[in-house]
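Protein chains: 2
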Amino acid sequence: MTIPDPSLVPLRHDAFMLLALEEAVKAEALGEVPVGAVLVFEGKVVARAHNTRETQHDPLGHAELTALREGARQLGRWRLAGCTLYVTLEPCPMCAPALVQARVDRIVYGAMDPKLGAAGTVFNLVDRPEFNHRPEVIGGVCERQAQGILKRFFEARRNGIRDGGGK
Amino acid sequence: MTIPDPSLVPLRHDAFMLLALEEAVKAEALGEVPVGAVLVFEGKVVARAHNTRETQHDPLGHAELTALREGARQLGRWRLAGCTLYVTLEPCPMCAPALVQARVDRIVYGAMDPKLGAAGTVFNLVDRPEFNHRPEVIGGVCERQAQGILKRFFEARRNGIRDGGGK
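Residue numbers (this note's numbering), protein chains in the order written: chain A, 1072 to 1238; chain B, 1072 to 1238.
Since the hints were made in silico from the structure, they are not lab data. Careful, some of the hints might be misleading.
A pair counts as met if it fits within one copy or between any two copies, since identical chains are not told apart.
[Stated by the list, open to error] Straight-line alpha carbon distances no greater than 25 Å define the calculated SDA-like cross-link-like pairs of lysine to any residue that follow: (1) K1186 <-> R1150; (2) K1222 <-> L1101; (3) K1186 <-> P1200; (4) K1186 <-> R1205; (5) K1097 <-> V1116; (6) K1115 <-> Q1127; (7) K1186 <-> A1152; (8) K1115 <-> D1129; (9) K1186 <-> R1148; (10) K1222 <-> N1203; (11) K1097 <-> R1148.
Construct the entire structure; sequences and hints are all you get.
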């Protein structure tokens, strides 16, 4: 995917976020909290991932962390300068510092997280004087769609619990 | 290892920290920042790990995170209630929230980290009203040894750079 006209950059963000949303839908189908992420380097997707905590029994199974690890494997380096991480939900206090430490250029997220958002909403663990790197942060890309998937998931879970079929 | 007498608990902490220090020495031999960790459940070590960022090109290659992931795999669950994580250096802002989210009972660390320590020294990302879990934190266990390994590593690296042999 190449969109050279700078005025079309917001559309490019949307296009990559749609891929992250596809990942979120995959998580939903597995009963995982529906969050997806893609890592992009020089306009190309180098990793796609979704939440896998429950299915893989992995405490690190957040979409962002899996995308970081897989992207680093693809690029053969752990410092991910030049990369943008797209994620459907604002990163949590574990994932935001992980993205900073991995030196991603930019974090683009969909929905704000009013409970644990660590890109400025509840915590600011991205732009800190103590850190030696400060990624650019862009929030609210495809926000409505990202929120919609999460809302549908949690409503279904609540209804399942009410009906006695919850997990 | 079982030490039933409660007055001997500090010694037990020392014993597990010595295993974490062994892991730190392994990291040092690989040219990694020498930090090691062990995860303990019901008095038994379920995972041992050391830093692997450089050798594995893994942005998540901190000792604590690898111990969490491996321990969860061993126990078949991502919620690590009942576990204590021993680590030679105070957890960073990525690792401290990861330990909270994994629900470990207790974090025991060796040396304080005056630059990025997130268990109270620079950040407090362990005991927060926003989190739904608060692990107990014990610092300063085998502190001198943990500091010593780090000091030796960074001194050697500085000397290597000065001699033109640095990485």
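Going through the hints against the structure:
Taking the closest pair of Cα atoms, K1186 and R1150 come within 25 Å of each other only across two copies (20 Å); inside a single copy the shortest separation is 29 Å, beyond that limit. Within a single copy, K1222 and L1101 get their C-alpha atoms as close as 16 Å, which meets the 25 Å cut-off; across copies the closest is 46 Å, which misses it. Taking the closest pair of Cα atoms, K1186 and P1200 come within 25 Å of each other both inside a single copy (24 Å) and across two copies (11 Å). In the homo-oligomer, the alpha carbons of K1186 and R1205 lie at most 25 Å apart both inside one protomer (23 Å) and across protomers (16 Å), since each shortest distance falls under that limit.
Taking identical chains as interchangeable, the C-alpha atoms of K1097 and V1116 lie at most 25 Å apart only when both belong to the same chain, with a minimum of 17 Å there against 35 Å between chains. In this assembly of identical chains, the alpha carbons of K1115 and Q1127 lie at most 25 Å apart only when taken from different copies (23 Å versus 27 Å within one copy). Taking the shortest Cα distances, K1186 and A1152 sit within 25 Å of each other only across copies (22 Å), while inside one copy they are farther apart (29 Å). Proximity of K1115 to D1129 under the C-alpha cut-off of 25 Å is restricted to the inter-copy arrangement: shortest distance 20 Å between copies versus 27 Å within a copy.
Within a single copy, K1186 and R1148 get their C-alpha atoms only as close as 33 Å, which misses the 25 Å cut-off; across copies the closest is 24 Å, which meets it. Proximity of K1222 and N1203 under a CA criterion of 25 Å is satisfied inter-copy only: 21 Å between copies versus 36 Å inside one chain copy. For a Cα distance limit of 25 Å, the shortest separation of K1097 from R1148 across copies, 21 Å, qualifies, whereas the shortest one inside one copy, 27 Å, does not.
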